[in-house]
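Chemist: What follows is each chain in one-letter form.
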Amino acid sequence: MESHVWVNCAVALLVLAALAAAWRLRRNVLWREAGRELWRRRPFALAIVGLYTLFALLDSVSWVDAAGAGVREPRSLLVRAFPADFQEASYSAPLADVEFYGGEPLTHPGAHWLGTDILGRDVFLQALRGARVALLVGGLTSLIAIPLALLFGVAAGYRGGWVDDVVVFVISILFAMPGLLLLIALIMALGRGPVQVCVALGVTGWVSFARLARGETLKLRELDYVQAARALGVSELRIVLRHVVPNLMHLVVITFVLTFSGLVLSEAVLSWLGLGIDGSWGQMIDQARDELSRDPIIWWNLTAASAALFGLILAVNLVGDAVRDVLDPRTLRERA
Amino acid sequence: MSERALEVEGLVVTFPGETGRTPVVDHLDLVLDAGETLALVGESGCGKSMTALSLLRLVPKPGRIEEGRIRIEGQDVLSLPIADLRSLRGRRAAMIFQEPMTSLNPVHTVGAQVVEAIRLHERVSAGEARRRAGELFARVGIPDPGARLDAYPHQLSGGMKQRVMIAIALAAKPRLLIADEPTTALDVTIQAQILDLLRDLRRDSGMALLLITHDLGIVNEVADRVAVMYAGQLVEQGSREAVLGKPRHPYTQGLLRSIPARAARGARLTEIRGSVPSASAWPTGCRFHPRCPIAFEPCPRIDPGWTELGGGQRARCHAIAREFSA
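Top to bottom, those sequences are chains A and B. The numbering used here applies: residue 390 is where the first sequence begins, and numbers increase by one. The numbering used here applies: residue 4 is where the second sequence begins, and numbers increase by one.
It is possible that some hints are incorrect.
[What the hints assert, rightly or not] EDC-like mimics (lysine to aspartate or glutamate), calculated; alpha carbons at most 20 Å apart, straight line:
1) 64(B) / 554(A)
2) 64(B) / 625(A)
3) 176(B) / 199(B)
4) 64(B) / 613(A)
5) 176(B) / 207(B)
6) 64(B) / 553(A)
It is worth saying that the hints were derived from the structure and are not from the lab. Here the structure is a predicted model, which means the values were calculated and not measured.
Please put together the full structure from these sequences, using the hints given.
Modeler: Have a look at this one:
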């Protein structure tokens with residue numbers, strides 16, 4: 390019954406890592422300028438992503454009330470922003486005063502902006518809470534996949550020879566397998582749960598970036614400044630860490646942002662297959678499937694989850710395009 | 004005085020070609036005394052850059068140093084274990100490359116890159132290394148060195164970048180500086196400044212300078228001795244005055260005649276017919292014979308040996324050999 394603590398820790402770690410990275414990058418003029426340019430280009434999309442992040446964070450700090458003080462389950466800051474008994478007996482339409490079927494009066498008439506679901510839970514709150522799962526999936530998976538991809542991609546590209554052969558072989562094998570089947574198999578093997586899903590997504594998702602990193606490393610290792618470093622007597626490991634990997638960082642950021650939305654969508658697909666993470670938008674959509682066949686139709690459940698998902702994906706993709714424009718060396722040169 | 008900074012004997016560098024491994028550098032001998040400037044001259048593709056790279060065992064794969072001996076300050080480079088080789092690179096012999104635009108890492112400040120070079124070979128604190136980096140910048144003529152330490156490569160001009168490259172090369176006070184076409188990518192006025200700088204630095208520090216270039220004007224300005232390279236081999240060497248003033252080998256003569264400034268105004272510029280053969284098909288005998296205006300009977304068959312011409316000048320040519328033996 391300690392799972393909420395673990396999830397809290399994971400999200401807190403992610404936030405700390407992000408802050409540390411941002412702090413580190415701020416000291417570098419190139420990144421600072423890129424950040425400023427990004428904010429100038431996409432203030433609105435960035436603000437939306439920030440808002441989602443805020444909700445995710447609010448929903449990540451949760452604790453159990455002291456004994457005897459009502460609810461015995463951990464409740465997050467976000468949940469605590471709503472009344473403790475913010476639940477009805479069954480469906481109610483958005484802003485309704487009475488239940489959708491039967492017409493019984495609600496405990497909180499007119500307070501459910503997006504209605505309630507079959508168990509009477511507030512849909513608006515559910516949609517907000519989905520942000521936490523989405524960010525966890527995108528963030529934690531990237532934390533697993535990107536270092537893995539960098540390690541194998543750079544090792545293959547820089548060392549060449551049999552290392553390259555092995556890595557390319559593994560990448561080819563993973564590419565040849567249907568990704569979804571592999572994912573399902575991995576989740577079956579690892580068991581269900583947020584971390585397990587992230588691990589499965591990470592293990593299947595590192596290959597494309599590894600291929601990119603390998604190709605870029607192949608290019609970088611022939612560059613004059615790598616050659617010059619070698620002529621100065623810099624060791625190979627140091628060349629990799631100081632002269633190759635830092636020159637891949639723009640790709641890391643671009644890949645992170647561009648794959649983020651893909652990961653969130655993958656989780657939605659997994660939820661639809663019943664393998665997702667509890668509380669995700671994918672799961673809400675999955676549950677709302679049956680409700681579409683009711684008469685009169687229950688539409689708010691599906692709409693809320695889809696809109697929340699759509700909003701995040703669109704904002705992240707807009708930011709991602711701008712990130713690519715700002716960081717890609719080819720467009721960088723045009724600005725310089 | 005005549006302490007050897009660099010000694011190369013019978014150096015052979017090969018690359019795999021269609022018909023087995025082909026030598027791009029073929030039995031090359033070079034000697035460079037401490038404090039001396041030797042210019043290695045030749046057209047593109049003659050193997051001069053490969054020679055430079057092989058001196059620090061930097062020949063890129065699949066190239067390989069096949070045989071020969073390289074000694075830098077008496078230390079046998081080719082038999083050195085990798086750790087010792089690393090400490091030799093940069094400290095005893097440093098290298099400057101042709102392209103200042105791409106020889107600096109774009110994501111680090113130039114100061115950080117000089118500091119890296121300093122701390123690589125000497126245990127000094129970060130603050131001390133930074134102070135020394137500032138001194139080096141001042142020494143290579145970078146104005147406002149303190150502020151420039153925090154500049155990124157893209158914020159500097161080509162000439163400034165090449166000065167930074169020189170500062171990095173000088174960081175560990177090498178006794179031999181190998182400069183591979185250090186001014187080729189620069190404007191003419193900047194070229195002159197960089198050459199002046201190299202000359203001053205060499206004079207002040209007493210290090211030896213191996214200057215690799217295709218520009219005979221540069222040779223005339225800075226070199227003490229000249230070695231002319233053609234198709235993987237040296238064809239003529241000697242003092243600057245001898246080689247540029249009284250060139251003996253037909254290839255050297257051709258090179259000198261094809262400099263616009265030397266030809267009379269309005270006169271047709273003479274070129275050397277044909278082009279440099281590729282390493283996979285070096286001509287037999289004297290490698291210059293297909294393009295040579297005075298080639299005669301033995302040239303396509305027999306490799307001409309060196310003919311000593313006195314005063315340290317020597318050339319590899321049958322015509323000269325015949326003239327001198329007669």
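Chemist: Given the hint that residue 64(B) pairs with residue 553(A), does the C-alpha gap stay at or below 20 Å?
Modeler: holds (15 Å)
Chemist: Residue 64(B) and residue 554(A) were given as a pair; does the straight-line alpha-carbon distance stay at or below 20 Å?
Modeler: holds (17 Å)
Chemist: Check whether the Cα positions of residue 176(B) and residue 199(B) lie no farther apart than 20 Å.
Modeler: holds (19 Å)
Chemist: Is the hinted pair residue 64(B) and residue 613(A) satisfied, with a Cα-Cα distance of at most 20 Å?
Modeler: Since the Cα atoms of residue 64(B) and residue 613(A) sit roughly 15 Å apart, the hinted pair holds (cutoff 20 Å).
Chemist: Taking 20 Å as the top limit, are the C-alpha atoms of residue 176(B) and residue 207(B) close enough?
Modeler: With Cα atoms ~12 Å apart, residue 176(B) and residue 207(B) stay inside 20 Å; holds.
Chemist: CA of residue 64(B) to CA of residue 625(A), is that 20 Å or under?
Modeler: Between residue 64(B) and residue 625(A) the Cα gap is close to 15 Å, so the pair holds against 20 Å.
The structure fails none of the hints (numbered hints given earlier).
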